[in-house]
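Visitor: Letter by letter, the sequence shown follows residues 0 to 363 of numbering that gives the first Met the number 0.
There could be a bad hint or two in this list.
Said to hold, decoys possible - Capping the alpha-carbon separation at 20 Å, the derived lysine to aspartate or glutamate pairs in EDC-like fashion look like this: (1) K208 to D220; (2) K232 to D209; (3) K361 to D59; (4) K232 to D220; (5) K88 to E258; (6) K2 to D59; (7) K2 to D300; (8) K361 to D4; (9) K40 to E258; (10) K289 to D300; (11) K289 to D4; (12) K88 to D209.
Treat the hints as calculated values from the structure; they're not laboratory data.
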Amino acid sequence: MHKIDRIILFTTIVILALSLLTLYSSCHQKGEFVRRAVFFKQLLWIFVGLLFTFIFYKIDYRKLWDFIWPLYGFVFLALVLVLFFGRTKLGAQRWLELGGFNFQPSELGKIAVILVLSRHFSQKSFEELKIFQNRLSPIKGFIIPLGITLIFALLVAVQPDLGTAVIYIFIFMFLVFLIEVRFKYILYFVCLILLASPFFWFFLRGYQKDRLLVFLNSNRDPLGAGYTIIQSKIAVGSGRLLGKGWLAGTQNQLNFLTERHTDFIFSTIGEEWGFLGSVILIILFYILIKRILRLSLLIYDPFAKNLCLCIASLIFIQFFINIAMTIGFMPVVGLPLPFISYGGSSLVSFLLLIGIVLNISKSR
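Based on the sequences and whatever the hints tell you, model everything.
Guide: Structure, rendered in structure tokens:
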């Protein structure tokens, strides 16, 4: 038994503190009622999330094994229900309303995918196949886990939520790459996606096509589809080295920047805290991700190792895509910044995963 990984815990708490400071600023000019509602709701979600962190820190991660498939089934049912009874917001039907709270099943789906893939690649039968020596069969090593992932990805894409669907696929790709499944299978899959990508255009909704076109030329529709990304780049660029100061960002405080407390919260950080503040945030995430990857190298249990690899991959992928999106390096896909953006489902899910990581660090 080892002590809790204090670096992971401390880094997470510092990131949460930055989240509260930024959220308060992003809603400062929206009126006292809205500011208090957003700030105190996020504070409540942080409390709930840390409670889940503590609970899953106390629960031996090995006990999760028997509950993985029931969880997968529950999330599958929730994702189907959301297509018929879900609450629609900003053109997407992603939320189920439960007792006055909006629950986003796709966030819980990230946990389910991580647990199922981690279990699939760590079963005893796989030890005989020498999973870490590049000898998995194409069916067990690639097709089955791909199918498990695609079921959720397709259900989420229909909502539509392409950002989360992409996250599911990337979690799968990172894991099969890191555990050394034969590279040719990964190459086949990537080639298949590239060949099929032109046909995806015909299945996209109007606003999704606009986002892709604006990504190629942000001035195509500066007052419409391109407005938010233009204002986001102005906000980040105008922050310069040290930023304009807390509560002093013009794009933020004068309401030029939309969705600044959710998907584009990094723009507020860049404007008010500048390049230096942005780098500090990136360093904090680097420390967190590196620490989780380091833990995966120190443990011998394949299930725990896979869990750490998947969780680190999820945090990295979503963090990278969100920042790339806000500075115009990727199309806007509507993904929150982990631990930072406003929203209970995402925050609680990430803090629950941190609890699992802390338990693994204690149990090694």
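Visitor: Identify every previously stated hint that the structure contradicts and give their numbers, smallest first.
Guide: none
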